[in-house]
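When you get a sec, could you build the whole thing from the sequences and use the hints?
If you read the sequence shown in my numbering, its first letter stands for residue -2, the second for the next number, and so on.
Any given hint might turn out to be false.
[Stated by the list, open to error] List time: in silico EDC-like cross-link candidates among lysine to aspartate or glutamate, alpha-carbon distance up to 20 Å:
{"hint": "1", "residue 1": "K156", "residue 2": "E194"}
{"hint": "2", "residue 1": "K156", "residue 2": "D223"}
{"hint": "3", "residue 1": "K156", "residue 2": "E22"}
{"hint": "4", "residue 1": "K156", "residue 2": "E222"}
What the hints contain is simulated information worked out from the structure, not anything from laboratory work.
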Amino acid sequence: MLVAAAVCPCPPLLVPEVATGAAPELDAARTACADAVGLLAAARPDRLYVVGPADGGAHGVYPAGATGSFAGFGVDLSVRLGEGDGPAGDGRRPLPASLAVGAWLLARAGWADAPIEGLGVDASTPADDCAATGRELAATAGRVALLVMGDGSACRTVKAPGYLDERAAGFDAEAARALGTADVPSLLALDGGLASELLVAGRAPWQVLAGAAEGAGLDGRLLFEDAPYGVGYFVAAWS
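Shown next, in the form of structure tokens:
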């Protein structure tokens, strides 16, 4: 059963070494993420799943000990997803960026409270399939927690990666409201087609969370909301 969840954005810029001179711009987001991860630990879960968006070949399960790197962002920094040996042989896939950021957040918090597993979710996964995956995760242990990585629209300003789309602010406002109130039906109702057009990286992971939370009776709090660089970033805690 799901007992707690933290929702965090997943830009590699959250990692100060990647952000370099721009690092202070996301200090408030980092603080909120640390608070949300701390609430996960307080829930004393039996198992923690880190769920985030992943491109085609990177979706799927990542066992404890899987590693990732920020070398692609110009930084010689590696991270490990919890304790473990990771996959063997040809199965040693690097963590996708979203899970690498999640692993960095957990390492920064000194996570040692429960076994960890990662799950990369294809952004095109239909809502029903996301919800079914969430239910499966929630049923794997008596006390399950989720660290859910994902960004809102990347079309909030003319300087955003996807340029300005006037629909973006409304989409993000509804997503932030649903995440901040643990509104499961509203998360499941997010339009996947519109999310794709607005370059929303978090839609599928948020809907995995919604499926996991069905019937759990959790309350939500929105800890952070902003759109630096024209991308919607939200931090929420469910307990």
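Check: Which of the numbered hints are not met once you compare them with the structure shown?
Finding: Violated: none.
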